[in-house]
Amino acid sequence: MTDIVAILANGFIYGSIYGLVAIGMTLIYGTLRILDMSQGSMVMAGTYVGWWALAEHGLNALVALVLAFIVTFILGTATELVSVQPLINRAKEVDLEMVTFITTFAVAILITNLALQHFGPFQKNVPVIVSGQVELVKGVTISYHELTMAGISIVLMCSLGLFLARTRWGLAVRAVAQDLDAARSMGVPVTRLYPLTMGLASALAGVGGVFLGGLYFASPSAGDQPLLFALIVVVLGGLGSLTGTIYAAYLVGLIQAFTEVRYGTTWTLTILYAAILAILLVRPYGLKGSPSEARL
Amino acid sequence: MSDLLLEVRGLRAGYDRAVVIHDLDLAVEPGRTAVVIGPNGHGKTTMLRAISGLLQPWAGEVTLDGRRVDGQPAERIAGLGVVHVMQGDGLFAGMTVEENLLMGSFVGSSWRGRREALRRVYQALPIVQEKRAQKARTLSGGERRLVGLGRGMMRPARLMLIDEPSLGLAPVAIEAVYAALADLRKESEAAVVLIEENFTHVGGIADVVHVLEAGAIIRSGSYAELSTDETIVQTYLGALPEAGR
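Residue numbers (my numbering), protein chains in the order written: chain H, 1 to 296; chain X, 297 to 541.
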């Protein structure tokens with residue numbers, strides 16, 4: 001019983017934050033058909049914004065989150081303009097998906113090393129957003145920080161869903177994902193939409209970074225693990241599928257929680273990857289993906 | 297010549313290295329409907345795409361209301377009041393009918409009038425209203441075509457480019473589409489360039505008919521003139537149009 005509660009609670013929390021970090025990658029893949037490898041460095045940037053705002057300047061938690069959103073939005077937009085946009089204009093001659101896989105990764109390494117130069121290699125403590133914890137059943141506690149993290153992640157994912165379903169620019173993002181020419185003939189300024197989409201995706205990861213910083217640390221490598229998990233989640237969910245990404249995020253969270261509770265942390269990646277290998281062999285396009293269907 | 301809404305001069309365009317249209321001239325007066333017919337693969341769609349900016353023309357001029365637009369991106373030309381109803385509908389398959397229509401109001405000021413525009417489209421095309429919550433990919437070919445037309449009616453247009461509205465449809469569906477087009481002609485003040493493979497359906501709406509062959513306009517005239525010209529009918533269309541159309 002205790003185990004089940006612990007697995008469900010932790011799975012829910014892991015799943016929520018993985019969803020938040022991964023959903024941006026899905027948004028980008030759905031619209032631009034590229035895998036944005038800079039997403040991890042946006043998480044990392046978020047941890048430093050959290051540290052700067054909360055630890056260094058003692059700012060309000062909400063301010064820190066908004067600040068992280070803004071900073072990583074700008075960073076993501078800039079990343080698109082530098083590492084993707086010039087190649088889109090030459091999409092006929094280059095394999096966009098492959099080349100941008102490398103160029104966005106290059107930007108990620110660049111950002112990571114700038115952080116290393118500027119902040120040094122040592123981990124910095126990021127205060128939690130809300131202190132305190134609650135005991136669900138005997139022996140199973142969740143911190144308020146984790147609960148807030150899960151709650152805000154869910155709110156942000158729902159907001160993204162509403163944005164895409166209800167707003168003018170949200171509809172435009174989906175339209176571009178489904179038929180580029182038709183979207184352009186509707187008047188959608190694609191050259192502005194792409195950088196903004198990547199900015200938005202990065203901003204979600206950046207907010208996730210503030211929470212993850214509080215859970216772990218701010219450090220130049222703080223984005224490595226989240227990137228790895230986000231990749232697993234988006235591939236497992238089916239590249240470009242938002243709902244698939246959310247299912248996959250919680251599935252990965254639950255598998256991780258189950259492994260930790262039953263077999264210990266050292267088994268996490270082993271079992272996770274075995275599970276993913278098995279799932280992908282059965283469903284090569286992921287949980288919700290399909291080879292040709294239009295996305296988002 | 298400034299009273300022309302659309303003027304195309306010496307247009308040359310194609311894909312990769314293949315020239316599809318060359319030295320194409322076309323002029324459309326405000327509020328008039330020009331129908332361009334011709335065999336498949338001779339450049340009709342290419343011409344529309346070069347006018348709407350989905351394809352960059354290689355040479356020549358496209359003038360809208362006295363203003364050069366060739367070389368500008370499709371999204372900017374759309375903003376100037378050009379509506380392109382694409383071949384095969386160009387619907388957003390994973391979006392609902394209503395979301396598709398709303399995208400028709402994306403351009404600047406038209407977004408504010410989207411509710412009113414939706415009402416108008418639903419009134420004109422009741423079948424579209426019936427299907428408004430369905431994903432576009434679940435519609436039949438005829439329904440899709442009507443949604444595509446409805447989407448084109450979601451913002452005020454100065455020029456509508458309509459690409460083969462009868463393509464691949466059953467006769468009943470074609471009739472429905474052309475009935476909708478005839479209504480649209482009555483209500484809208486836009487100039488229209490409509491392309492089709494043959495004369496069969498366009499009699500009711502064409503102010504002028506052009507014949508496009510091998511990338512250039514080779515003949516122009518009224519529907520009555522061309523549809524009774526035996527050389528035209530036999531050489532380019534193979535059969536006389538049905539009586540009464």
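None of these hints come from the bench; they were simulated from the model.
Misleading hints may appear alongside valid ones.
As the list claims (entries may be wrong) - Pulled a few chain X residues facing chain H out of the computed Cβ check, cut under 7 Å:
no.: 1; residue: Glu303
no.: 2; residue: His380
no.: 3; residue: Phe388
no.: 4; residue: Met399
no.: 5; residue: Phe402
no.: 6; residue: Trp407
no.: 7; residue: Leu463
no.: 8; residue: Ala520
As the list claims (entries may be wrong) - Pairwise CB distance ranges, derived in the manner of DEER restraints:
no.: 9; chain 1: X; residue 1: Ala314; chain 2: H; residue 2: Ile74; range: 20 to 30 Å
no.: 10; chain 1: X; residue 1: Thr434; chain 2: H; residue 2: Pro127; range: 26 to 36 Å
no.: 11; chain 1: X; residue 1: Gln352; chain 2: H; residue 2: Leu81; range: 14 to 24 Å
no.: 12; chain 1: H; residue 1: Leu116; chain 2: X; residue 2: Val315; range: 37 to 47 Å
no.: 13; chain 1: X; residue 1: Arg416; chain 2: H; residue 2: Val5; range: 22 to 32 Å
no.: 14; chain 1: H; residue 1: Asn113; chain 2: X; residue 2: Ala314; range: 22 to 32 Å
no.: 15; chain 1: H; residue 1: Val99; chain 2: X; residue 2: Thr527; range: 33 to 43 Å
no.: 16; chain 1: X; residue 1: Gln419; chain 2: H; residue 2: Ala274; range: 52 to 62 Å
no.: 17; chain 1: H; residue 1: Val99; chain 2: X; residue 2: Gly464; range: 44 to 54 Å
In this text, a Cβ means the ideal position worked out from N, Cα and C, and glycines have one as well.
Self-check item: Hints the structure fails to honour
Solution: 1, 7, 8, 9, 10, 12, 13, 14, 15, 17
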